[in-house]
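K.L.:
These are the residues of each chain, in order.
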Amino acid sequence: MTEQASPAIAVAGLRRDYGDRPALEGVGFELAVGESLVVLGPNGAGKTTLLRILATLLRPSGGEVAVLGCSLPSEAWKLRGRIGYLGHEPLLYRDLSGRENLRFQARLHGIERDAAEARIEELLRAVGMERRADERVAELSAGMRQRLSICRCVLHRPELLLLDEPDSNLDVEGRELARALIGPGAGTRVVVTHDPERHLPEADRVLRLGIREAAVVS
Amino acid sequence: MTPSRSAFAAILAKDLRSELRTLQSLPAMALFSVTTFVIFRFGLDRTSLSGSLAAGVLWATLLFAAVLGINRLFVAEREEGGFDAIRLAPIDRSILFGAKVVALVIYLLALELVAVPIFAIFFLDDAAGLLPLAAVLLLTDLGLAATGTLISSMAVNSRARDLLVPLVLLPLVVPLMIAATGATEPLLSLGGPAYDRFGTWLMVLGLYDLIFGLIGYAVFDFLLED
Numbered sequence: 437m438t439e440q441a442s443p444a445i446a447v448a449g450l451r452r453d454y455g456d457r458p459a460l461e462g463v464g465f466e467l468a469v470g471e472s473l474v475v476l477g478p479n480g481a482g483k484t485t486l487l488r489i490l491a492t493l494l495r496p497s498g499g500e501v502a503v504l505g506c507s508l509p510s511e512a513w514k515l516r517g518r519i520g521y522l523g524h525e526p527l528l529y530r531d532l533s534g535r536e537n538l539r540f541q542a543r544l545h546g547i548e549r550d551a552a553e554a555r556i557e558e559l560l561r562a563v564g565m566e567r568r569a570d571e572r573v574a575e576l577s578a579g580m581r582q583r584l585s586i587c588r589c590v591l592h593r594p595e596l597l598l599l600d601e602p603d604s605n606l607d608v609e610g611r612e613l614a615r616a617l618i619g620p621g622a623g624t625r626v627v628v629t630h631d632p633e634r635h636l637p638e639a640d641r642v643l644r645l646g647i648r649e650a651a652v653v654s
Numbered sequence: 008m009t010p011s012r013s014a015f016a017a018i019l020a021k022d023l024r025s026e027l028r029t030l031q032s033l034p035a036m037a038l039f040s041v042t043t044f045v046i047f048r049f050g051l052d053r054t055s056l057s058g059s060l061a062a063g064v065l066w067a068t069l070l071f072a073a074v075l076g077i078n079r080l081f082v083a084e085r086e087e088g089g090f091d092a093i094r095l096a097p098i099d100r101s102i103l104f105g106a107k108v109v110a111l112v113i114y115l116l117a118l119e120l121v122a123v124p125i126f127a128i129f130f131l132d133d134a135a136g137l138l139p140l141a142a143v144l145l146l147t148d149l150g151l152a153a154t155g156t157l158i159s160s161m162a163v164n165s166r167a168r169d170l171l172v173p174l175v176l177l178p179l180v181v182p183l184m185i186a187a188t189g190a191t192e193p194l195l196s197l198g199g200p201a202y203d204r205f206g207t208w209l210m211v212l213g214l215y216d217l218i219f220g221l222i223g224y225a226v227f228d229f230l231l232e233d
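Chains A and B, in that order, give the protein sequences. So for the first sequence, the numbering used here puts the first residue at 437; every next one is plus one. So for the second sequence, the numbering used here puts the first residue at 8; every next one is plus one.
The set of hints was computed from the structure by calculation and includes no laboratory data. Hints may be right or wrong, so weigh each one.
[Said to hold, decoys possible] Computed from the model, here is a short list of chain A residues facing chain B with C-beta under 8 Å:
(1) Gly-517
(2) Tyr-529
(3) Arg-530
(4) Arg-535
(5) Phe-540
(6) Glu-601
(7) Asn-605
(8) Leu-613
(9) Leu-617
(10) Pro-620
[What the hints assert, rightly or not] Some but not every residue of chain B turned toward chain A, in silico, with C-beta under 8 Å:
(11) Ser-13
(12) Ala-17
(13) Ser-25
Think of the CB as a built atom: it goes at the ideal place given N, C-alpha and C, for glycine as much as any other residue.
Work the whole structure out from these sequences, hints included.
P.N.:
Given below as structure tokens:
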């Protein structure tokens with residue numbers, strides 16, 4: 437008998453409240469290593485909250501959450517550096533250039549200088565930003581910031597990608613370039629999207645969150 | 008370089024680079040202190056100060072100028088997602104506290120490089136006390152930076168940040184200011200610097216720095232939790 441591999445994410449009865457208002461209630465699903473989960477739902481259904489809980493940026497109010505074998509929130513510290521998070525905010529300093537931001541991130545993640553430089557150049561080429569990487573982020577368009585943010589998200593070769601509206605602000609070319617870094621071949625992914633037509637074909641599992649409705653996994 | 012040292016250096020370098028590019032804090036702090044000295048000069052109608060009055064004018068001005076920098080210390084982290092980026096990285100979050108304290112000490116020293124000579128030109132007959140004053144400035148800056156970083160990190164998520172920082176910070180730094188003025192007063196006395204209880208006040212300053220440095224190190228991780 438073969439031993440069953442532990443899931444990349446296991447969530448059961450997850451609840452998160454903001455004061456008296458529940459943002460998530462009774463959410464449960466499992467995601468195997470290498471699979472993609474697409475999360476759908478209307479505004480206010482708690483999609484971003486779910487992603488931030490999985491990223492260890494928010495604490496769950498109740499239920500059980502395990503990510504990459506670490507129970508949250510007690511073992512959140514073990515997960516740091518193993519997750520690539522792409523949120524609504526690019527997490528880039530506006531007064532630094534794109535390249536300086538990526539170097540900063542590389543140092544936070546303990547990547548050696550030479551390896552970091554090579555990885556940064558590789559990623560900037562991959563998203564078509566090598567010529568604009570020395571401009572201050574404040575001077576770049578929203579689409580270019582999103583490209584840089586994708587570089588930041590995958591810079592440290594994370595085991596799990598948590599992507600909140602990854603296509604936002606990207607043009608057609610940008611979407612195609614980003615696909616190589618954060619698309620279906622990029623490993624285990626959770627993708628929050630309002631564009632099911634684009635992302636559902638890539639999904640191994642789908643989680644539909646509703647407002648005051650039970651979450652449905654399919 | 009260990010990952011912690013590398014992260015510390017990265018955060019510190021990022022802060023200093025941003026300040027050099029944008030000049031958001033230091034010029035305002037320096038301008039505030041110069042303007043305040045001018046107001047004191049004409050308000051007190053004195054061309055020369057010594058002893059406790061000189062110490063009070065110097066430290067009141069430096070303290071309120073420092074509040075301007077403390078208010079802005081974590082604004083980039085709050086508004087540009089730096090807190091999230093640091094919380095996602097495999098580093099001890101107290102590294103952020105340490106780097107911010109050092110950045111603030113550097114800002115305060117830069118401020119004092121401008122403000123103290125202007126204070127001396129405006130008010131002092133004898134500049135002999137300025138050399139030993141450097142030790143008082145450094146120790147007070149350390150305490151102010153440790154307390155200021157702690158309070159700034161708590162207040163930055165509030166819309167009333169500009170109000171909260173002085174309201175919470177000023178009572179906490181009362182002991183620091185008592186020790187700073189106590190150490191400065193004999194240095195700026197008439198007839199040249201004296202050293203009555205100078206060592207005692209320096210020890211009080213050092214103790215304050217140690218206590219608030221340890222408190223900041225111990226609680227900063229919890230302050231970054233949601």
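K.L.:
Now, for every hint given, state plainly whether the structure supports it.
P.N.:
Status of each hint after checking the structure:
1. Interface restraint check: A/Gly-517 against chain B, minimum CB-CB distance 3 Å, threshold 8 Å, status holds.
2. The beta carbon of A/Tyr-529 is positioned within 8 Å of a beta carbon in chain B (closest approach about 5 Å), and the interface hint is therefore held.
3. The closest approach between the C-beta of A/Arg-530 and any C-beta of chain B is roughly 6 Å, which is under the 8 Å cut-off, so the hint is satisfied.
4. The beta carbon of A/Arg-535 comes no nearer than 13 Å to any beta carbon in chain B, farther than 8 Å, and the hint placing it at the interface is violated.
5. Taken as an interface hint, A/Phe-540 checks out: its beta carbon lies about 5 Å from the nearest beta carbon of chain B, inside 8 Å.
6. Hint status for A/Glu-601: violated, given a least beta-carbon distance of 15 Å to chain B, over 8 Å.
7. Given the 8 Å rule on beta carbons, the hint for A/Asn-605 is violated: about 15 Å separates it from the nearest Cβ of chain B.
8. With its C-beta approaching chain B no nearer than about 22 Å, A/Leu-613 sits outside the 8 Å limit, and its interface hint is violated.
9. For A/Leu-617, the suggested interface contact is broken, since its CB lies about 17 Å from the closest CB of chain B, more than 8 Å.
10. Against a cut-off of 8 Å between C-beta atoms, the interface hint on A/Pro-620 is violated, since the closest Cβ of chain B lies about 23 Å away.
11. About 5 Å separates the beta-carbon of B/Ser-13 from the nearest beta-carbon of chain A, less than 8 Å, and the hint is met.
12. Interface restraint check: B/Ala-17 against chain A, minimum CB-CB distance 4 Å, threshold 8 Å, status holds.
13. Annotation: interface hint on B/Ser-25 holds; nearest CB of chain A at approximately 4 Å, less than 8 Å.
The structure fails hints 4, 6, 7, 8, 9 and 10 (numbered hints given earlier, in ascending order).
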